[in-house]
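> Sequence:
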Amino acid sequence: MGKSENTLLALEAALKRIAEGNPKRIPVGRNLSVRAVEEEASLGNGSGYYYPEFVEKVKLTKAEIAAGKGEIIQPEIQTVRTKLKEQKRIKDNYKAKYEAEREKLALFAAAQHHLNDKLVQALARIDNLEFENANLRSELAELKRSKVAPIK
Numbered sequence: 000m001g002k003s004e005n006t007l008l009a010l011e012a013a014l015k016r017i018a019e020g021n022p023k024r025i026p027v028g029r030n031l032s033v034r035a036v037e038e039e040a041s042l043g044n045g046s047g048y049y050y051p052e053f054v055e056k057v058k059l060t061k062a063e064i065a066a067g068k069g070e071i072i073q074p075e076i077q078t079v080r081t082k083l084k085e086q087k088r089i090k091d092n093y094k095a096k097y098e099a100e101r102e103k104l105a106l107f108a109a110a111q112h113h114l115n116d117k118l119v120q121a122l123a124r125i126d127n128l129e130f131e132n133a134n135l136r137s138e139l140a141e142l143k144r145s146k147v148a149p150i151k
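The opening position of the sequence shown corresponds to residue 0 in numbering that gives the first Met the number 0, with each subsequent residue numbered one higher.
Simulated from the structure, these hints should not be mistaken for lab results. All the pointers check out, no bait thrown in.
The list that follows gives simulated cross-link-like pairs (lysine-lysine, DSSO-like), each with its CA atoms no further than 30 Å apart: (1) 103 with 90; (2) 2 with 23; (3) 84 with 61; (4) 58 with 84; (5) 56 with 15; (6) 84 with 96; (7) 61 with 2; (8) 61 with 15; (9) 82 with 94; (10) 117 with 103; (11) 82 with 61; (12) 58 with 23; (13) 23 with 61; (14) 56 with 23; (15) 94 with 84; (16) 87 with 103; (17) 96 with 82; (18) 84 with 103; (19) 87 with 58; (20) 58 with 15; (21) 56 with 2; (22) 82 with 58; (23) 56 with 82; (24) 58 with 2; (25) 2 with 15.
All chains, full assembly: derive it from the sequences and hints.
If you want it as structure tokens, here you go:
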């Protein structure tokens with residue numbers, strides 16, 4: 000038997016122990032993965048990936064264990080799609096909030112501009128009324144002076 004066959008046998012034995020629920024080197028509650036099987040078989044990181052059939056067998060065993068527990072295992076692409084959909088939903092939510100706040104800001108700026116315009120108009124009107132008031136006071140004073148009769 001060659002080294003490759005011995006490694007595959009060690010991986011198979013480790014997978015069997017994990018599937019039965021009595022591993023020797025890893026905790027019982029650890030999730031099943033190729034890395035967990037490698038650690039159980041006392042092999043290096045990534046050594047299980049040299050055997051694509053074994054990787055598929057680990058995935059199938061993981062799905063069987065999950066089905067036995069009543070869990071649903073989603074394929075990796077499905078998980079990625081779910082995460083992407085969630086991120087898109089969050090992004091759209093923030094975008095909608097951003098647009099709403101921009102609209103509020105635009106309305107606030109328009110109201111501010113309108114109030115500023117009214118203030119300028121009111122100040123100009125006050126200046127005109129003060130000028131008119133001063134003229135009327137001077138005219139009133141002239142009229143009162145013209146009515147004053149000299150004492151004889």
